[in-house]
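> Sequences are here, hints too, so could you generate the full structure?
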Amino acid sequence: MTPRTPTQGSTREEPLLEVENLRTSFPTDRGDVTAVDGISFGVDTGEIFGIVGESGSGKSVTALSILGLAADGEVEADAIRFRGEELSTREMSAVRGGEISMIFQDPMSSLNPVMTVGEQIAEVVRHHGEVGESTGILSELRRKYVTGTSDSSRSWQRAVELLDTVGIPDPEQRANEYPHQLSGGMKQRVMIAQALAGDPSLIIADEPTTALDVTIEAQILNELFELRDEFGVSIVLITHDLAVVRETCDRVAVMYAGELMETARTETLFDEPTHPYTKGLLRSIPRVDDDREWLNAIDGTVPDPFNRPSGCPFRDRCDAAFELCSEPLDRYDATGTDHEVRCHLQHDAVDIDDGEPVVEGSLHSRLDGTETEPLDERSGVVEPGGERQ
Amino acid sequence: MGLKRYVAKRVAHAAVVIYIVATVVFFAVRAIPGDPARVLLGGDANADAIAALREDMGLNQPLYVQYLRWLGDLVRGDFGQSVFNDQPVLDMLLGVAEPTASIAALGMVIAILIALPAGIVSSVKRYQWEDYVATAVSFVGISMPGFWIGIVLLLVFSARLGLVPAFGYVSISEGIVPWFKHIILPAIAVGLPYGGILMRMTRSSMMDVLNEDYMRTARAKGLSNRLVLFKHGLQNALIPIITIAGILLGVLLGGVVAVEVVFGIQGLGRLLIASIERRDFPVIQGAVIIISFIFVAMNLLVDILYTSINPRIKYGGGE
Chain A
1 MTPRTPTQGS TREEPLLEVE NLRTSFPTDR GDVTAVDGIS FGVDTGEIFG
51 IVGESGSGKS VTALSILGLA ADGEVEADAI RFRGEELSTR EMSAVRGGEI
101 SMIFQDPMSS LNPVMTVGEQ IAEVVRHHGE VGESTGILSE LRRKYVTGTS
151 DSSRSWQRAV ELLDTVGIPD PEQRANEYPH QLSGGMKQRV MIAQALAGDP
201 SLIIADEPTT ALDVTIEAQI LNELFELRDE FGVSIVLITH DLAVVRETCD
251 RVAVMYAGEL METARTETLF DEPTHPYTKG LLRSIPRVDD DREWLNAIDG
301 TVPDPFNRPS GCPFRDRCDA AFELCSEPLD RYDATGTDHE VRCHLQHDAV
351 DIDDGEPVVE GSLHSRLDGT ETEPLDERSG VVEPGGERQ
Chain B
1001 MGLKRYVAKR VAHAAVVIYI VATVVFFAVR AIPGDPARVL LGGDANADAI
1051 AALREDMGLN QPLYVQYLRW LGDLVRGDFG QSVFNDQPVL DMLLGVAEPT
1101 ASIAALGMVI AILIALPAGI VSSVKRYQWE DYVATAVSFV GISMPGFWIG
1151 IVLLLVFSAR LGLVPAFGYV SISEGIVPWF KHIILPAIAV GLPYGGILMR
1201 MTRSSMMDVL NEDYMRTARA KGLSNRLVLF KHGLQNALIP IITIAGILLG
1251 VLLGGVVAVE VVFGIQGLGR LLIASIERRD FPVIQGAVII ISFIFVAMNL
1301 LVDILYTSIN PRIKYGGGE
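So the protein lines, in turn, are chains A and B. With the numbering used here as the guide, the letters of the first sequence map in order to residues 1 to 389. With the numbering used here as the guide, the letters of the second sequence map in order to residues 1001 to 1319.
By construction, these hints were calculated from the structure, which means they are not laboratory data. Mixed in with the good hints there might be a few duds.
Unchecked claim - Chain A stretches covered by chain B per the calculated footprint, using a threshold of three residues with CB under 8 Å from any CB of chain B:
#: 1; region: 75 to 88
#: 2; region: 124 to 134
#: 3; region: 138 to 150
Being a predicted model, the structure only gives us computed values, none of them experimental. Beta carbons are placed, not taken as given, at the ideal position from N, Cα and C, and that holds for glycine.
Following this line, the structure appears as structure tokens:
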């Protein structure tokens, strides 16, 4: 694994969460499907890190794999480090819900229909906080089926407090209600309160606003912003919505067919997209001042997961595809700080001549596995339009 | 709508159901070939005696008069007298209700005690040996009729091993142990088929629940597997199971009738069969009404339980 090159102006500390070469596959009748194929990224303290991609690109599976929740999936990783320490499966399950918590996509189905929302939050408080209430299975089952959770218990009071924090009016009463008695937006606030209940330093939010209408979406995103500002939590925001990314994220990773194609600071990604896929995505955002009657879509479809092309998964749809694209991908530094691209156009030995990529001599030595460090400083034009610093 | 109003409404529904059942039975028993007076007096009785008895029993009146008179009595709580031994029908029925109720209740307990744990294990360990064993056992239960299971149990535990008495019934008022010994085999015989179906229901219901998003949420909270299963899963899984359990009560009661015959227990079932043989109309009608009453009452209970286990259901719907 090539180490991340510290780039100029960056004073990055050790990331809060660091994922190295995560791979997740699901066994099926037709063979294994690789949903996540060797992705690496880091999330800094207090940062909102976006993972953006089409449906089925492996965003959610990435989140579930990190938390050890990918049900039938086989998850492998060179390392998943939290606060610099590698977490075993067992350690991850202890951290889950506490230090690292998750907000799910669909609040309608992700809350338990037969439990009051107060109890669903309070149980997290009991399990991860220090409120001195028993969390043994018998006490929990007694609470659930016999006595109910006492309104005067500290965990319940904390739950009410959290409902207030996430902006639910009349929290004492709401805590006693069931999910079906709440609106979609309120349910998602409950999910957020639940994610906060273990005092997390990292929240993974998997499309937290997809199931909500636009006004509620804005409120929920604001809520997430405030969490970061007030509590300094880091957030991994998984979304397919580039507008949401632009408004909320500090850094963003673009995912395609289970691989991270480009990772950059949000401004950099939107101002100087480098990967052809990212460019295509940005072009496909409809603009208000545009009176054309068609949308710019990327031609073609996502590759068949059972029959993935070798090399770059995007090459069949890519305008800039050239001979190198069937070779295994590497990570390359691109313009700006913290900007990584997985595209052979960024290779040292590739030059652009009249808009056509030209491979120069030194390439073949690299493909033999000898020479060349892809991440070293390069010179010369990389691509028309891509500015070099 | 409050619980009281809901129950009142359901009781009114139940009364209508029982009235319909009673009416159907009234006409159905009269459609069975065979004259009670002739059956009572024996095949070689002379025609005059039969005619006199028919007159005496009110069988010569038009059907609608018989029906209205019977209905009027029924509303006043009078089930009439047995044409066979002149005893009040209600006393006869209450006299045999205890063994039937005992067998049905214990059978149900046995069924639930087997079905719930086996179904849960089966769903959690699906396609592993635990699942295959539980599934095989449940299919054996489903496939064998209760009376046949009863005969096999009799042969093994009474005839061969002599552990429990083979015949008859002892009231619970004469001691729990003898009572239990007399009804345990019949209860197993009716409980196994019922439990087998219930186990399959539990398995599939639990498997659905295990795939729900809220179960993933529960795991994401860092709760232990057992807590996720029993605190977050069980109640959700029980919702459809309870519905089916109520509907299948009819199967269970039907099983009790046959099993009573096998074990020579004077219960509601045997009384009913004997009464049909001797065309004892009032007793047949009374027994069927009682059985349908039990069935309706149990289903009402199930529905009340259902509303308390599923907060999404309100009593009787709209506000």
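> Hints the structure violates: just list their numbers, smallest first.
1
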